[in-house]
Structure formats: structure tokens, C-alpha cells
Amino acid sequence: MTETLKISNLHVAVEGKPILSGVNLTIHRGEVHALMGPNGSGKSTLAGAIMGHPKLEITEGTIELDGRSILEWDTSERARAGVFMAFQRPMAIPGVKMADFLRHATTNVRYPSRKEGEQLIPMREFRKELREKMAQLRMDEEFARRYVNDGFSGGEMKRAEILQMAMLRPKFAVLDETDSGLDVDAVKLASQSIAEIGGAEMGILIITHHDRLLEHNVPDFTHVMLGGRIVETGGVELARELYTEGYDQVRARHPEDAAIEKEMTSIEKKVASGAA
Amino acid sequence: MSTAIASTGFSQEAFDAFLTTRDEPGWLIDMRRNAWRRFEELPMPSVRDEEWMRTDIRLFKLDRFGLPHSSPLDASPAHATEPHGVLAAGVEVGGRSTTLDGRLVVGELATKWAKQGVLFGSLDRMAAEHGDLLRPYFQRHVVDPFRDKFSALNAAGWSGGTLLYVPKGVRIEDPFHSLSVLGDGGIDFGKILVILDRDAEATVLTEVASLSANGGGLHCGSMELIVERGAGLRYVSLQNWGDEVWHFAHQKAHVASEGRLQWTIGALGSRLSKVNQHIAMTGPDAEVQVNGVMFTEGRQHLSYNTHQHHQAAYCKSDLLYKAALQDHSRTVWRGMIKVEKDAQRTDAYQRNDNLMLSRDARADSIPGLEIEADDVRCTHGSTSGRVDEQQLFYAMTRGYSRREAVRMIVTGFFQQVFDRITIEGVRNALSEAIGRRVRDIKEAVA
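Protein chains in written order, with the working numbering: chain A, 94 to 369; chain B, 631 to 1076.
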């Protein structure tokens, strides 16, 4: 059986205000999905809902992993079940070294039933693997000794997110604007890196504005989100079209969703910066 | 003044009896008598005093305690359970001393340092044996005995205590370790005197603890650190009293020109602490770094007044205090940077960060500046907040449970102070002591 992340008729509200209103999306392991859409259409909220952000309220619908609902699972349980998210703006955790942070995270994700206080992956073994992955991503070894995202440049943060994904080896990964704030070369490197760390093994949902991130991760499906719903699904050519043409044609084809989008824009902005 | 039982309390008779047990020079007895008079005149501090308005000690009953015993400690059962400190575990020390209720249990000084004129051990004994050497340092009154009722009481009734004296130019790498232990309901009126003569260097690790974690008692202490010209002192003190101990202390350093002081404080224990930590830079080009870490729980109340006093030009002081608070506990930090008119080109910094792990905890953070020179750089900052929800969410997307995430974030919060501590063994010991508390974190609100 192919492993599947299935989102059905998902409705999500923040502080009582509806943001997503009936999202359907099925991702099989090994597939690449691109999720595009104008700012404020609900993309980041969908990412947050998949990870179980506590401020998001699921009012209707389901999210299933291999046929089991994960709605009652907290974020940690979802991560341990193999769901990952690369953050648009990762949090800094001052005083905690990247290597220590990741050793603990990697142990928990690889041994999902690990209880607090139980053994971590042996230091030597972990360091060796981390060094290999960092070399693969062309990251300086010094990186592992720095505090998590503390004082990182935009590019460093995004690479650190990809490094984490490489170490955690998720089944499903949501990349929330992993290309934003990066220059052309950095996006190219990120795109290559995702492919190199075994992106083909995962089910990937790439939230993006650019098609360059998709260069080495050619989407099997492209979805367009507008006003809290997925209004169109196509192949890789749709991603290219949206990148060059923008969203006006999509809005014209879906006037009702465009109207909702307009209303929601202000709310989503708040969510993107605060909650998800 | 009357007390229910003649042999306890702080009556004139009790004080006279205490003096007859002291085997020390007349000038010291005179100092004690002066301080005693002041002690009797001064009122108990109350919330009406500005410095005490946030620290209510109405439940503290001084008369339940009495003046310390000066007699040497008998071999007693408590002795058998002599606790070991955490700071010097596995470290080669230049000397060590342990006291129980202010009375000496162990005192040792490595021969090679003794041969170079270093003095280390019980201040009681040292004052009796080296009175002429120590007299000018005592009479400098680094801690003002008349400052308040507690400073007067310590000056009158101190007993036991610890002395480190390092002569001119002697540089000691191995740290000195002193441990003061309180039995349940015990009293400790310790006085710590550290003197580094010109160009001397030393490291001192002091820690205080109770025999039992929930023990009570009274500590009314003083600490005087004298760093002479060009000398360098690294001083660490870890306060780990039992949950019911009342802890009042005046701690003050004099740092002369080109002197260096790194002073690190860890505060974990006691029911109530009221500590004045005062650093006076008395000569130009002195450099001082102060680090403080606190972790409070239950109904603990820890109040720290810090004072960076720039009396001379070109000095640098840098203070960082960090506290994590659980349950109904409370911390008060009042920091003052005072720059005298002649202290031009002062570079002073103070910062206090508090991490609230409970909705019922409270941290008061009151930075202050008083600047009379016109060419200075003085900055301060303070933050108080809960564990950040977004940080928690981020860590949980990496498979951390909520509690693991909280503990990691709290550990990181303190790591930023530990990073400043240059003595590896101490850094590890302090982080271990804090780590034990962090592992006990029950929950954390956001």
C-alpha cells in the first residue's frame, strides 16, 4: 500500500475567523506537489494545520495519515509519525547548539516511542551522520556548533531547515516558502539539496511563488489556492504559467473565491505573522 | 529588650557571653561592640523602606534564633553526613574548607601555597593568629557594618567564616573551595574575606547548602572581596540553602586599578533571600564581570540588589542576571550603575532576563542609572516573559514533546550566562545544578 497524507474537506478557523473552507488534497509518498496562490490565500495556514499548530481550530474535515486521522495528535506525535515542515521563518533558540537540538530531535523521530530521559543516539554515530549530511549540503562544520537559527542569515536558516529534513528523513514534508528571501543561486542550491537528500522518497508539498525551487523537484501536481480553497489542480505547466502570468486569470475563472480572498487577506496576514 | 529564654535570642547578656568565648584581638572585639550598639539601635527593615518595599519579612522572627556558638564542633552524628559540594567535584584544589553551622569541619591548604605565604582557612582562627596582617583589611569596612540591621548583626556576631589571603604577585591556578552547611534550624553568621594583594591571582569557589533540602535556619552573612592593583579574582558562589532558610547577606568587592574580577552567583535555595551585591571600582582601568543565575520554585522569594559603583575612570563593568521562575515564586532584581564625577570613560552594562514558567510567578526587574560623569557609556536592559509558544511549536515539529521543548528552551536561556563563565568545571557544575531543577519542571504555561 502506498503511504498517503490525505486532507479532506478541511475547514480551519483562527480566533473564530474561517481561513480554510474545504481543502481537499491527497499526497502519496514519492510525489511532489506544488501549492501556489497569492498572499493571504491560506497556504501557510494549511501547513500549520498539517503540523497541528495549537492556535488553529479545525472546524470540519479530516487529515489522515495512511488512513488514520491525526487530528487528535499533538505536533510532536505528528513529527514522530514522519510529518515535517520547513518553516518560512524558523525560530531561533538561543543557547541551544544546532547539533544538540538535532540529536534529540533525530532520536525522537527515529524512535517514536522514546520516553523523555531515555537514551539518545550515541554521540559518535550521530556526529558522523551529521557531518556527512552537512558536507552533502555544502555547509560548514561550524554550523553544528552555532545556536539554533540564532543570528543566521536568511539563506543559512533555509539550509538549516533542509539539513533538519535530511536528518529526520520524514515521509511527508511541507516546505513553506523555502525559497523566499533567497537569491537565485541560493534557491538553486536549495532546490538541488532537496532532491539530493532523497526528496524522491518523500511526499513533498512545496509552497512557493517561484518555479525555480521546482527545477530539481518537478511537481507531479500543481495546486492553486484562492480564498481558502484549492480552486485548480494541474501539472508542472500550471506552475510555470502562474509564475509568469500571475493570478489574475485564476481570479477571473473563480470570481466567488476571489471575492472571499479579498475579504480574508487582512486576516491571513495576521495568521502568517503570528500563528502559523 | 527581653527574650523568653535567656540563653537564646539577641540580648545584651547573650552578646556578652558570646564575646567571652572569642579568642581574638581587642580591636576586633571593639569593632564587634560598636556594631552591636548599632544593631540594637536599628529597626528591623520593613516594607516602608524603599529597599525592602518588595521584600516582606514580617514572618521572619529573629528571636527564634540566637548568636552562634564559638566552641569547636564536637564529633557529632551530623558530622558523619558531611555533604560534599558540587562545584569542586573532581577538581584539584589549592585548599578547601567545610563548616557546619559556621563551625569548622575540614580545613586544608596545599603546602606549596602555604610556603608562599598564602593563608586559607577559618577566619576565626586567622584573625587570632594573623591579627596584625588582617587588621587594616577589617578596618576598611568594605561592607558597611552600619548599613542595616543585618550588616550590623553580622559585624557584631560573625563566627567561623573563611579567609583567603594571597600575597603580592602569587598566582594560583588551582581553585580554593569552601562549603558552608546548615543543619536544620541552624544558624550561620559567616564572614568571607578574600584578599588578593597586588598582581596576585586566584579562583575561589564557595557554596552554601543545608543538610536536608527542606531544612530551615538563618544565615546572616557578609562577604568582602579585596582585589588590589593588577590582581585578578574569579569568584563563584552557589547558594543552595534548604527551602525554609532565611538568607540575608551583604557582599561587596573593592577592585583597585587594573584589577579584574569575574563574579558568578548561582541562587537556587532558601525561603527568602535578601542579598546586596556591591562592586566598587576604586582605581582606573578595573574590569568587572558579574554573572547571576537563579531558579526559583514553590513560594521562594529571592531579592538581589546589585550595585556597580564606578569611582574611577576607564573602568568596565558588565552584569548579566538571569532567572527562571516556577510556581508562586518571586524574584526582585534592583540594579544600579553609579558613576562618580571623576569616573570618565566608564563602560557599564547591566541586564536582567526573567523566564516565567508559571502564571503565578512574579519577577520585578528594576534597572537604575545614576551618572555624574559626562563622558560615559552606560546601557541597561531587562526582559520578562514566558516561554515563547512559537519556539515550542517549532521544537515540537522536530519531535520534541512539549515538556522536553520547555526544558531545552530553559537550558538554552541559562546557557547564555554559562557561556560567560571561563572556568570549565564551574560552568559544568552550575549547569548541572540548574539542569537538575530544569528536569523537575512540571509544566510550563505560555
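To be clear, the hints were calculated from the coordinates, so they are not data collected in a lab.
Because the structure is a prediction, the values reported are computed rather than measured.
One or more of the hints may lead you astray.
[Said to hold, decoys possible] Dumping the calculated EDC-like pairs for lysine to aspartate or glutamate here, alpha-carbon to alpha-carbon at most 20 Å:
#1 Lys-148/A <-> Asp-1018/B
#2 Lys-190/A <-> Asp-1049/B
#3 Lys-190/A <-> Asp-167/A
#4 Lys-148/A <-> Glu-1019/B
#5 Lys-99/A <-> Asp-653/B
#6 Lys-190/A <-> Asp-972/B
#7 Lys-208/A <-> Asp-1070/B
#8 Lys-208/A <-> Glu-1034/B
#9 Lys-190/A <-> Glu-1034/B
#10 Lys-281/A <-> Glu-325/A
#11 Lys-745/B <-> Glu-680/B
#12 Lys-190/A <-> Asp-804/B
*asked:* Hint check: Lys-190/A vs Asp-804/B, CA-CA at most 20 Å. Holds or violated?
replied: 30 Å, violated
*Are Lys-190/A and Asp-1049/B close enough, with their CA atoms no more than 20 Å apart?*
12 Å, holds
_Pair hint Lys-208/A and Glu-1034/B, alpha-carbon separation not exceeding 20 Å_ = Roughly 10 Å between the alpha carbons, so the hint for Lys-208/A and Glu-1034/B holds.
*Given the proposed pairing of Lys-99/A with Asp-653/B, does the C-alpha separation stay at or below 20 Å?*
85 Å, violated
*Regarding the pair Lys-208/A and Asp-1070/B, is the alpha-carbon distance no greater than 20 Å?*
15 Å, holds
*Please work out if Lys-190/A and Asp-972/B have their alpha carbons no farther apart than 20 Å.*
43 Å, violated
*asked:* Tell me if the straight-line CA distance from Lys-745/B to Glu-680/B falls inside 20 Å.
replied: Measuring from Cα to Cα gives roughly 49 Å; hence the hint is violated.
*Lys-281/A paired with Glu-325/A [C-alpha distance capped at 20 Å]*: Violated, because 27 Å separates the two Cα atoms, which is more than 20 Å.
*Would you check the hint for Lys-148/A and Asp-1018/B, treating anything up to 20 Å between C-alpha atoms as holding?*
The given pair, whose Cα atoms are some 13 Å apart, holds under the 20 Å limit.
*Sort out whether Asp-167/A lies within 20 Å of Lys-190/A, counting only the CA atoms.*
Roughly 25 Å separates the two Cα atoms, so the pair is violated.
*Under the criterion that the straight-line Cα-Cα distance not exceed 20 Å, is the pair Lys-190/A, Glu-1034/B satisfied?*
Within the cut-off at roughly 15 Å; holds.
*Given the hint that Lys-148/A pairs with Glu-1019/B, test it: the Cα-Cα distance must not exceed 20 Å.*
With Cα atoms ~10 Å apart, Lys-148/A and Glu-1019/B stay inside 20 Å; holds.
Checked against the numbered hints given earlier, this structure breaks hints 3, 5, 6, 10, 11, 12; the rest are met.
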